[in-house]
Structure formats: structure tokens, C-alpha cells
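Engineer: Protein chains in written order, with numbering that gives the first Met the number 0: chain A, 0 to 662; chain B, 0 to 150; chain C, 0 to 324; chain D, 0 to 274; chain E, 0 to 344.
Check the hints yourself; a few may be wrong.
Unchecked claim - Below, computed lysine-lysine pairings styled on DSSO-like, alpha-carbon distance capped at 27 Å:
(1) K139/B x K26/E
(2) K605/A x K223/C
(3) K98/C x K118/C
(4) K315/A x K404/A
(5) K200/E x K136/C
(6) K645/A x K118/C
(7) K68/E x K34/D
(8) K605/A x K302/C
Stated by the list, open to error - Example chain C residues on the side facing chain A (calculated, C-beta under 8 Å, incomplete):
(9) I66
(10) E91
(11) R93
(12) R96
(13) S220
(14) C221
(15) V222
(16) P229
(17) S234
(18) T298
(19) T299
(20) K302
By construction, these hints were calculated from the structure, which means they are not laboratory data.
Cβ atoms here follow ideal geometry from the backbone N, Cα and C, with glycine treated the same way.
What follows is each chain in one-letter form.
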Amino acid sequence: MQRIGVFICWCGSNIAATVDVEKVAEVIKSEPGVVYAANYQYMCSENGQQLVKQAIKEHNLTGIVIGACSPRMHEATFRKAAEAAGLNPYMVEVANIREHCSWIHKDMEEATEKAVILVRTAIAKVKLNAPLMAGESPVVKRALVIGGGIAGIQAALDIADAGFEVDIVEKNATIGGRMAQIDKTFPTLDCSACILTPKMVDCAQHEKIDILSYSEVEDVKGFVGNFNVKIRRKARFVDETKCTGCKICMEKCPSKKGLNEFNMNLNTRPAIYIPFAQAIPNVAVIDPTQCIKMKTGKCGICQKFCGVGAIDYEQKDTFIERQYGAIVVATGFKPISVDNFNEYGYNDNKDVITSLELERLMNAAGPTNGVLLRPSDGEHPKVITFIQCVGSRDTSGCGKPYCSKICCMYTAKHAMLIREKYPDTEVHVFYIDVRTPGKNYDEFFRRAVEQYGVDYIKGMVGKVYNENGKLMVQGSNLIDNEQITIESDLVVLAAAIEPEPSVRKIATLLTASIDTNNFLTESHAKLRPVESPTAGVYLAGVCQGPKDIPETVSQASACAAKVIGLLVKDKLKTNPCVATPDETMCNGCSQCANVCPYGAITYVEKEFRLGGGKTEIRRVASVNPAVCQGCGACTVTCPSGAMDLKGFSSKQIMSEVEAICKM
Amino acid sequence: MQDVSTEKKEFTPNIVAFCCNWCSYAGADLAGSSRLTYPANVKIIRVPCSCRVNPMFVLKAFQRGADGVILCGCHPGDCHYVTGNYYTRRRMALLYSFLNYMGIEKERTRVEWVSAAEGARFASVMNDFVKQVTELGENKRLTDLRVKEGE
Amino acid sequence: MKEVEMKMLERAKALLESGEVARVVAWKKGDFCFDPSPAVFESVEELDTFVYDWFCGANLSKYLIQIAKKEGKTAVFLKPCDTYSFNQLVKEHRIDREKVYVIAVECLAKLDVEKMKAKGVSMIESVEVVDKDVHVKTAYGEETLYKPDVVLTKCETCNKTHQAKDEEIILHERPERDVNRFAEVEKLEAMTEDERFAFWRNQLSKCIRCNACRNVCPACSCVKCVFDNPASGISAKANDDQFEEQLFHIIRAFHVAGRCTDCGECSRVCPQNIPLHLLNRKFIKDIDGLYGEFQAGETTEGKTPLTSFTEGDVEPKDVFNGEAK
Amino acid sequence: MIEETLIPKVGVITDVRKDTPDVKTFRVVGTDGKKLFQHMPGQCAMVSVPGVGECMFSITSSPTNEEYMEFSIKKCGCVTEVIHAMEVGQQITVRGPYGKNFPVEEDFKGKDLLFIAGGIGLAPLRSVINYVRHYRDHYGKVVIVYGARSKDDLVDIEEIQTEWMNEPNIEVYLTIDRPQEGWDGHVGFVPAYVKELGLDPNMTAVLCGPPIMIKFTLAGLLELGFEKSRVYTTLELRMKCGVGKCGRCNVGDKFVCKDGPVFRMTELDELPDEY
Amino acid sequence: MYRISKEKLNDLYAKINETSGLYIPVKRAGEVNYAVWGEGKEVSLETLKTVKSPKSMFFPQTENMMKFKTDGKNIEVIDVREQFDERRPFVLFGVKACDYKAIEVLDKVFLGDPVDSYYKMRRETTTIVTLACSRPEESCFCKVFDVDATAPQGDVTTWLDAEYLYWQANTEKGEALTALVQELLEEGGETEVATQQAQTKAVIERLPFSNLDLSRFTPENLNALFNEKEWEEMSEACLGCGTCTFVCPTCQCFDIRDFKTNEGVIRYRCWDSCMYSDFTLMAHGNSRTTQMQRFRQRFMHKLVYYPSQYDGTYSCVGCGRCVNKCPQNLNIVKVIKTLGGKNND
């Protein structure tokens, strides 16, 4: 026989003023299964908890119901109290007779009646509660960072500094990411490379960090604490362990017409190359689509000249498998293609460029060695027009519906830099709104307008066209309410940014969810912004949403903190309120796995006895309790009812329904 | 906001509200702590997520004599479990449409998204739903007469 | 039809003789010309009773759940509509596709002997179909019925084509027809709530809870049905209580929603001729209307409408008669 | 109003004994404090918890007990689980008695009797053994062989050890499947033990226990020279009505609830193999 | 013998309904089943086979047997049979010969010791009016079980032709009913009935199943029949549904279940089917685990076990409902033809 104890809280007068608590306790006493019912001023107080503990021991209670405030408030309190008295903490139910009863009703009789029903409902539930035990799973003390941009670098450094092994998987030949391409950073205008490259070097030199450049994540299995990741190491045709980065191969390579991706294709590079001077690892890579030896079998010059014999044309992709406890996704972004925006004439005019291209044109290590020359004729542009929100906040379908967040600031930065370096240059900026939230951001923008005299025009650009070698920018000035046309030498498009496309595959591998714009979804928009819904997977940088460098770095460090918090544990306690399949009823139809947001459900073949000495092998669902978060989506999808949720079982909920309806 | 509980009416409907733990239940808590009122015949069952609510529970409620069933969850996109309420939305849209196809009054069923911050909305939704079901009268089409036998 | 049957028999013989398959799932003759039963043939000798005629309406795909588990390969003859159920079962891992050899057979609609009898034809001795005429020989004489009047309800609006086949035996192409399978559902939708309730009350009051609809349904393939499971909280037997009748059919329709291929077996087998397919079709119509056209059983992979979503899905309150308001 | 066997009487639990980890014995009397109805050894009764369900159990107390009846119930389904949670003072419903009893007044009279039980199989035998003890001079020698998985699984060990074993003219042989600390008795399976004991084949034997035990013990008895016509056992199948009408507990043309549960081995031989 | 013109049948029903409930074949939503008569209901006496048999008159699909009131630890049993006393007597109208024979089959079970009082109370207060068949169809085989479809028994026997319903009382109950409706009846009809009977009998002779051989279905062959290997093949298409059981006029398996109300518990019984996989399922096993076993049980019961228990009477009456309704066209005729005896070929 179940022995239920019921405790009704007065909550001072919060409950007792509207609910006749003594009457509730009295009525409840005669409920089947209830062996003890009491009421007390403050159940959550030390004395109140003591009362609970004592009653559990004295009356040998098998379950307790607390009629008090919301379980969101004190469920944990009473569970602890129960546990201290030797009762399984999950044999506790809370009837919410404050927020859902005494505080919303005025009539004492009505509120008392309702309180009785709510307590009865909790009793009906607790009678079907089962003792639950939190499970445990071990933690592999190594983290994986996917993406070697500033987000990945920062996260890796922080984790490694805490003493944990970290692998960075970077799909390009060097780490550094987008930040390496940027010339100066706002709002301080300090040199991007100067602050980034030391961190890259730190990574390379850190004994806990292993950089797997020119590599991609191929497959992910397992779950929080125990991911098993297969990584493809792409063939770079250069032995990483031998190459010294002397660059002689680059000099000697006869095939020099490859587009230089690092410089936004604004100049060329040889078939064997190191992306940029400070690349980490400082190791060459051969572009097999460009290499003469690899295309025709004739050449082999680099191999001849390589002093250490690092060149290997026969190299193949290799795979490694490693275990990780946590994964940080920091796959970053790319500017969107502006090909769709015919009105800006990007494809038709060499002097219509994107902002990232401008970065390279202004960078000392860029194609023009830092001198601003326009691409068409190498002349200094005298009139430069910036167009903001190209593809951002665009609901037409051509662009992205969201704000890319960084464009206002970098455009102000570009305008300011140009005006400073080339004061004779006229700079116009077409904008819809200027958004400058952030420390020193608005001041920065105002300096551009006030100190540097940049001409900000509120309005949209309708068309950019070439007229006699001049770029005519036709737009509206909304403030003066007039149509204007600006004759320009260079037009810079502040293109929207979007998540690096490879994130889709990674999201699938990690069962991490992704939104319609391909940004990874965080576990909670406000309270768990760096965690993916998939336990053990964390998000840093633009893969989660548009952000600038300081925000990216903050998020990366936050990720690191989360990862460290996870990796310091030897074992993980798992939430016991998880889904469990009754294998004897499971059809193995996979419907549950289809709705599981966490990828917690897998399938195994099991043998079942049929009676009469016969057996059959069936495919049945298996839930990984370390991964399941207990939402219950699977339980409703399961037609046979084989899947149930501990702590919120179908039987429990139905008995609550019955108790409530019995008025 | 009209508070129907103060009007003395012959028929007071029995309403079962399923609320997800993270948004709507918290919203109901906020309604309480803001001392907003709604009728006492609304009784809430806490579920982890609206996607835990099986159509069987809804039908069970009607069987046992509920006159209206309302299901509350986080706003789409805000689900604590990321996607749970998206499934709820499809399931319940189809279920409720189907019940109506069978001739069950569609005013007896409802899905509402109520966030943890929307205490006032929770109360007004409940007041509105109670009013709607009260106007509709007793559930006779989807109830099990045996349940009330002997009363 | 005779030609098709001969070809099928030939293939069944060849497959069994060569040992390519261990058994053939098809139909066998009954006592009359209109009562064939599904059957498993394991040897050439057993094929004596093989039949494929105008009354082979039964869907064989569900039998494969058990039969295909046996040693060796199983050949099965599937009509167009059966292949959808077959695919759905493959998708749900209930049938191992590799262990089944699917022979797609032509179907120019199947006849419903009950409808024929309702037209006053009894003591049927033989049936021959020429185009749209059904020539019936009975002990009382000869009669000709108009075929569209006496086909199985599920065939009336069928436009299905084979979705799975390893080979085919199709001698006559069935012309694509312009039919609206939702016409009956729409009629109900156009009624008032009260009328709809009365309609279903009238229909479902006939239900005897024989479970034929459930047991024949390829989507209802649960190892243990919730209605047979005392632990489910809704288990029930032959209750003729109004609520129970509704509960059974609502839950059943919901459980197969998004998985029901509209094979129509439920209505075919109902001893009380309750138009059960109109329940499932409501779900299909709603799904098509709200979430985009979806035909269960077209593929053996992918999610169903109830296990997927889009962020912009219609709100339940805005759904009326299968369309967003 | 004519009598209706399907309408039960209300019984009050007056005592609960925990026999083994999963077997409890419940003592039941009517609400008037008197015994609910008379029965004969081997007969059964339908015990139910309203709202949960009914289950058929053999009445384990002897008919000679005029005060109460007892049921030894093994926890193995939802009804038994609920019954197991019940306490003294709680009410249940009981209807019966059902079925054919052991032929204690006919075939058993004057015979030497051998009772062989395994595990919970002692339950139906307790009734007949105590009946025989009560009318001790009507019967010859009594030999009891009882085995269980472990000493903790021996049902009613106290009664066996304090009463049966101390009675003259009753031989009790206990065995458990595997050696266990605190057990200095025989270890081994019942069928083997029976053969070991080399029992007198002229005795009338009653077998009760799991099907596998019955199968092997019977083979052993036949080897020893027992005649099938003098070996009895009981069957257990799903029952609902208890009176041969609901249609589920038949084996061939016999209903276990009505024509059983006691069967002579020769009777079983005539029935199809479906139990 | 009396007769009543067909136009006046409604008056007959109304007259009967004044003093008794009338249970009669009624068309609802396209199907004809026995139902309580009321003004405006569409009676269909012409229908040869109602979907459900009239057995539900005495053995309803669901029936409350008792109630329990629970109060704390106490249980009170409430006998619901008292309501029977207040119940009006019933007239069961239009029962075909096979279905009447089926009631006799059920009587043996429910009125045998111990008497089932629920069944008995209904049976005693009911007057049965049978109706002879005039247009049997190919699925009928009542002749095999010695049923004369043209002369059913019952308290009153009736015959129907294009113009009249002919009426003949057979028992005291029948006489009483006749007296009640006397004003609507007129004398006559002997020749019409005799002609109809002769014609129908001729048709019955020609029915394809009229000469099935049952000779092997004897208690002596019980084990031999049980062990026939053909069961496997015969049952392979069986869906395990309960259609045959529920349309069968003699199937009487039931389940007893409890339903929790707000106040207590209703214990009811409802039809069950030996074809269902959970029919014999226990917590620790199942005596019939395969569909073959369940299929075999049903037909062995009808053709061997029941006759063995009740003096050789078969518990099949040849109504042919299962022949018409089995979703996969399995039926008792196929079993009889396979196992019944050599004259079936």
C-alpha cells in the first residue's frame, strides 16, 4: 500500500488568506492512500522542511505531496528534503495552490475547493511516480573546435589554458579565418593582423593544442562527454612535418595564375602556395587543379627545389578518429554573393567592389600593397560611394531578412580611413539606418561624420551604372526628399554576411538545429546563448548569428568556460526524467528518432520470445539517457505507446486528467 | 478584461489546461504573482513541453467530463526543447480540425502560445476561453456518460 | 484478366522452380468466383489454386511483415495501391526490402461483391468484365452491371501507380482519370457541425469493434496496439459506448495520419460498411492543404508531415476545413 | 432475485503474510467476520479489486478451517501487484468456489498419498494436505516433496517446519535448486530428488508446479512405476467467468475453470496439447 | 393461421410497442441490424441477413453487470439487475430459422448450470417472432445443420410474401401476443405459405453449400482434427480480427472489465473474440500464441468441442454471415470442406 504524506503550506497569509488550508488538509486525509496530512505556516522554511523529513521517517511515507507555491519555486527544495529523509527525491509532487489558486481567486470557498482538487491531482500523480536515479556517463577530457577563425582560436586557447587537450579542425590551409583578411578593426582602428597573428602563434605553440588544418569533420557519433569524430585530413601534397615554409617552391612554381582567394581574387598566386605570410601552420599546399605536374604529369619543379623533400604528389586524403568530451562549432561566415543585385552592377563594373575586397585593397599585404587604387585602371579614386545594407534586412527574397550587424561600423571605418589617408577623396555613404550600439561605437560613427566629413545620405540606391567611365550612383535622399545621382570612381557594397555554407553538414552531423538562415540555433535565446540544444555542443561566433570581433571573442570565451565546466567533471549526472521505450511494444519504425531534437534515439536489433519456444528478432528504439533532455516529443509520435517519459508518464498525466475532471 | 467567474451562472465549465513547464506554466505563475484573476474552473497540468501532450490526454479529458481543453506552450521558435512546439502545432492543428470534422464543437479546443513573461495574457486567454466554453454549454458529444453514472 | 493471371502464374512457377524465391504471396481461389483469399505458395504444386481475378482487392503488403522474415526471398504480387503500403512499411523498417521480390501487377479496379449483391444479383456463378460492363451469370439468369457502380469504394477514386517493383506484369494501361478523392470529405466539411456530428454518430453507432479495420491496415502494424494494452489507459474491447466508438476511430486515424497511404482497406473490410476511409482522408486532405501535398508510401525514406515542420506553419486556431483561414 | 455466480461477495483482509520475496498469503473473511463460503481442496475463487480486475486463485486454506480462507498470491501482473500492496482491513471481492476439487472423498480415501510441489505450486496443495491432516485416519501414508529456487522461495516454510514435519506419519522432503548459506537440507531439482527418494509407486500422487517441473517429475514417476491414472495435477489458464461460459480457458472440450483445475494425468493425455 | 397486409405492418409494430419493446431489423446508415423499434425507423424484414445477429437481444455487446461503490477501504456491491424488474417485456421480431437455432445454442451455454441470470432474465421476458426465409442466397447452409429455413420455430412463426405477412402462434407466449394484435390480423394464408415453402425448399436444395459433409466432426476425432496440418494453410490469411465472431449468432465469448466512474466502478461484460491475440494472454504466458491456434480454436469449438459438451449439437447454424463478412474470405465452410469428411469434394 502506498503511504502518501500531504503537506499544505500557508505561505503566511499568501495561501491561507484565500484557501482554508486546514480544511484542505482535513479533506485530503480521507483520500485513499493518504496516511498523513498536515499544514504549516511556511513549508519551505527550515522548520517546514523538518516537518516533512520527520513525517517521512515516522510514517514511513512512500510519496509526498506539497501543496504550496509553484514547483518552479521550491520543487528542488522539497526534493532535497525528501532525499535527506531517505525518500527518493522524485517521489515528491508539488500542488501549486498559490500562483494557480490563492493568488488568482478571491472567493475562499471556491479557492479551497480548487486547492483540494489540485492536491488530489498531485496525489493521483505521485501514486504513479517511480523512484528515479540520475545516471552517469564518463567524460573524455578533450575538446574539438571546428573552425580556426578568431572564435575557434580564442575558444581553443582558453580551453587549453585550463589544461585540456584541444584540437582545432580548419578546412583551409591556415587558421586565422576572416579576421586575417581584415585590415583594421573598429572602433580602435588597430591593425587586425597585429592582434590576431600572436594568437595564431600561441595556438601553434601551445602544447595542448593540435591544429588540424586543411581538414574537415567527416562524421560524428556519440554524445556529450563521449563524441567520436572522424576527421578527413585533405591531401595538401606537401608533407606538413617536413615543410619549413621557406617559400622557394612558390618562387619557382611556373604556374602562377591561380586566383588568390585570400586577397578576394584580386590578384594571383602560384599553384603551390602559403596563403599569407603569417599563416599557421606555415606550410605550403598545392592546388591540384592548377598544378602542372598533377594535371599533365610533367613539371615537378617544386619537388626538385624543395630542400627537405616535402613535396608528395601522390598524397591521398587520410582519416583520423578521435574522442572528445565537448565540441565547439566556430565555422564563421562569408559575405553573401552580390550577383543577385543587378541594380548595383557588381558584375558589370570592376570598380563596384565589396567591403571585404576593399579591406584587401587597403591592406599593406594586399594586392596593391596598401595603396588604394581602383581595380579597373589602378587610379586613385576621387569619389567613393558606399552602399549599406546590400542584402541585409532584405525581405524581397534576394538577400537576407536579418541585419548583418557589422556593416554600419566597418563602413564608417572604411570611410574614416580613406578620408584620413586620402583627404582629397570625397566619401558618400547611402544608408537606411545607422546602427551603432556598442561601446564607443556611436562615438566612432560620429567622428566619421563630424571629424572626417563623410557624407551620410539617408536613402536607398536605385541603380549604379557606367556613364563614360564614371559610375553613376542614383539614389534617393530621404531627408531632403530628392533624387540624387553621384558620379563616383569607386562604389563599395556593404554585403550582408551569412553562415559559412559548410555549417549545414556539420549541423546534421551534430544533430544541432539550424534556422532558416542557416544560423545554428542556440539552446535558449537568452539564457543559454552559447549552447546548442545538442548537449556538449557549443556555438561561437557568426555561425550562431551576426556579430563583430569583440562579441565573437566573448562568445568564444564563454564557450570555453562551458567546455571547461564540462571537462573538469569526471562523470556527468544525467537528467533522470528521460524517455524510455518499452522494447516489447516498440515497432522500430523510426518515427521517434525523426522528431528527437537531440539525436538521442538509436536502434538496435533484439531478440524477443514469442512463446511456444519461438523467438523473433526485432529492431527497437534505444534512448541514450545522457543525451535525452526529456521533452517528450517522441512519446506522442510513437503510435504503439512504447515510448514513455519518466516523471511525466502517460499514465501519470492521464490520472491527473481524471483527478481534475472529477469535480 | 472581463472576469466571468464573478458572474453567477448555472453552468460552469470544467477546463483542463496543459501548460509547458518553461513558458506557459511560468506565465500562469506570473499571472498568479501579478494577482490577475481567472475562473477557478481552469485547472492546469504541468508538462515538460507542449509536445508531450498526446491526443489521448485531450480525449481522456473530454471523456472524464471536461468541457474544454486548452493547450499552452512556448511561442514557436522559443521552445525550450527547440522544436517541440512546432510538432505540437501540427499535431493539434490536425487533431482539432479532425475533431471538428467529426462534429465536435471547435470552440472546445484551443492552442495558445504564452511566454513566461505573459502573465496578463495567460489570464486573459483563460478568461476568454472560459467565456467561450460557457457560451457553448456542456460537452455532450465527446463525453463518456458512464463516468457520471451514480452521481 | 485471364492473360494477366496466366502470366503471373507462369512467373510464380518459374520463380519457385528456380529457387529464386522460397515462396510467393498471392491469392488463392475460394468457393465461388468472388471470394479469393490471400495465400502463400511454397511449391509449384500448391499453385493449383492460384488466382488473380476481379475480386483480388485485398492488400497483400501487410502480410510481408511476418512472411518476409522467413528464410529466403519472398515474391509478392502487388497492385498499384499495395505498393504504397509496401513502401511505407519498408520506410518504417517493418519489411526488409532486400528480402522481397516485388512483381507489380496491373489493376483495372476490383469489384465489390457486396455492391453487386445490393444491385439485386445473387447466386453468382461467374463474372466477366468487358470494358465498363460487368457480365454476371447467376443461377437465376444473366445480368449486366455498370462497372463503376460495383467497384470497391477504394477503387472509385484511385489514380495510383506502382511505386515499387522488381518486375511488372502489365498488359493494359489504366487511363489517368480526373477524379477528386476528397469530394466526399468536402461534402462533409460543407455540412454544419450538427449535421456532421449526426452523420458520424449514425455511422459509428454501427461499429462492433471487430478490429477488422485495424488488423487489415498496413499502417496499424504495431507490435502491440494501444487498444489491446491495459497499460495504455485507453484499452478497450467491444464497448458500444458512444465515446469509446469515437475514441477508437479518432486515435486510430491520428496514429496513421501522415502514414496512411489511402489504400482503402479499412472501408473494404468493415462489416458494417462504415466509410472509414473518410476519416483518414480528412487527415490527408488537411495535410495536403496545410503543409503541402504529401503521399505516404511514395518513397521509402524521409519524414512524414507529423514528424516535420516549418517555422511558418499555420496556427491551429486558423485551421478550418483543412485550409488556413 | 435469482442467484448470480458472477456477482462477488465482499471480503475483508484480516492478515497478510509475506511468504517469499514475491508471494504473500492473504487471509480473508466476509464483512460479517465469517467465512465467505465453503469449498473443497483444489477449488479456486475469483478475487478482485474493483477498478483493477479479477484473477483466479486457488484457495490455499483447508476447507476444514471454519473461520477464514487464505490465498497465496504471487506477484506477476497488474491485479496481483495491487493486491500485494494491500493491508489488513482493506476490502476485496471474492466469488466462488469454482472448479473440480481433488477427489479427497473418493479416489484418495484410504490411499497412501504423495504430494509433489514446486515453488508457488504448493498453494493448491496446502489445502488438500491440511484437509488430509485433518481427517488423518481416512488416508494412508503421506509423503510431501517440496522444492523451490532457494530457501526464501519456499512458501509457508514455517507451517511446514513447525507443523507438518513434526507430525507422525507425514514425511516431508524439502529441496532447493542451488546451494545456499544457511541451508543444510537437500539441494537439487525436484524431478531428480523424486527419483533419488525411490518412492513407492503404489502411492497416489499429486503434482503441482511450473509446467517444466511437472513434465520431468511425471517422467520420473513413470520410471519409478507410478501409474498415470493415479497421478493428478492442476492446470492454470486465463479465466474470466469461472463457470465455463466466457470461452477462454478451454483445452479441447474441457474448461479448466469448470472441468479442472484438477486433472488426472490420463485425462490430460486425451486432451489436445494446448496448455 | 393469420395474415396481415404489408401496409399494416407499421400498425402491428405500434400495437406491439404499446405493451412491449420491439426489437426488429432496422436500417441505419445503410446497414440493417436489430434495433429497438420507434416511429420513423426504417424496418427491413426483407433483409436476409442482418449484419449483427439477434443474439445481442439476450447477450448485448456490452452489459453492465454490477457496480461497486468504494469508500476508503470499504466496498459496496450494487446489484444492477434490479432494473430488470422495471423493464418492459420485449418482442424480438423477424428472427430467421438459423438465428433461432442459434438462440437454442446460446441457451445451452447461458441457461446451463450455473444459470446466467442476465441472459435468463432477458430471455424470459422476450417473445420471439420468427420469419421464414423465401430467398436464401449462396452463402446459406443452414440445411447442413438440420435447420428448416421455411419453418422456423419460435413463439410465433411468420412468412412474408409480396403482399402479406402470415402469422402462426406456436406457444403460449405466442398466443398471448397474437391475442394482443388480433384486431389487425385476419384468417388465412395456408396455401400461400405452403407454396412459398415448397419453392424455397427447392432453392435450398440447389444452394452450393447445402450438402456439406460433417461426418468427421465427432468427439472421437478431436485430437486427430486438432492435429491436422491443414490448419496452418487455412489460417494463413487470417487477420485476427473479430468480424466472424461478432457477426456470428452463436459466438458467446465475453470479457469482464471494470470501468472507473467518478463515484465508483462499473463492472461490465462485453463481447470478446477467441481470434484476438490477447484473448488468452496471462501475465506469465499465453496458451494460444499463434493465429493458427486461435483460428483452430474457433472452428474446433464450433464443430467439435461444443458438440462434445452439448450432446452433439453443432454451434454453427449455417447462417453464412462469416462467409459474407470475412475480410479475407476465410470461413467455416472452407474448414468443413477441408476437414469435414470425404463427401465434401
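Engineer: Look at each hint and say if it fits the structure.
Structural biologist: Status of each hint after checking the structure:
1. Using a Cα cut-off of 27 Å, the hinted pair K139/B and K26/E holds, with the two alpha carbons roughly 25 Å apart.
2. For the given pair, K605/A sits about 16 Å from K223/C by alpha-carbon distance, which is consistent with the 27 Å threshold.
3. A threshold of 27 Å between alpha carbons decides the hint, and for K98/C with K118/C the separation of about 43 Å lies outside it, so the pair is violated.
4. Restraint check for K315/A and K404/A: the C-alpha separation of about 41 Å exceeds 27 Å, so the hint is violated.
5. Taking the CA atoms of K200/E and K136/C, the gap is about 22 Å. The hint holds against a cut of 27 Å.
6. Between the alpha carbons of K645/A and K118/C the distance comes to roughly 57 Å, so the proposed pair goes past 27 Å and is violated.
7. For the proposed pair K68/E and K34/D, the alpha carbon gap of about 22 Å is at most 27 Å, so the pair holds.
8. Restraint check for K605/A and K302/C: the C-alpha separation of about 24 Å stays at or below 27 Å, so the hint holds.
9. Violation of the interface hint for I66/C is found here, the shortest Cβ-Cβ separation to chain A being roughly 13 Å, above the 8 Å cut-off.
10. A least Cβ separation of about 4 Å between E91/C and chain A falls short of the 8 Å threshold, and the interface hint therefore holds.
11. For R93/C, the interface hint holds, since its Cβ comes within 8 Å of a Cβ in chain A; the closest pair sits about 7 Å apart.
12. Residue-level restraint check for R96/C is violated (minimum Cβ-Cβ distance to chain A is 14 Å; threshold 8 Å).
13. Interface restraint check for S220/C: the shortest CB-CB distance to chain A comes to about 7 Å, inside 8 Å, so the restraint holds.
14. Here the hint on C221/C is kept, as its CB sits about 4 Å from the closest CB of chain A, short of 8 Å.
15. With a cut of 8 Å, the hint placing V222/C at the interface with chain A holds, because the nearest CB-to-CB distance is about 6 Å.
16. Nearest Cβ of chain A to the Cβ of P229/C: about 11 Å, over the 8 Å cut. The hint is violated.
17. Among the interface hints, the one on S234/C is violated; its C-beta lies about 10 Å from the nearest C-beta in chain A, farther than the 8 Å criterion.
18. Nearest Cβ of chain A to the Cβ of T298/C: about 14 Å, over the 8 Å cut. The hint is violated.
19. Contact between T299/C and chain A, as hinted, is not supported at the beta carbon level, the nearest pair being about 11 Å apart and thus beyond 8 Å.
20. Evaluation of the K302/C hint against chain A yields a held restraint, the C-beta minimum of about 5 Å falling below 8 Å.
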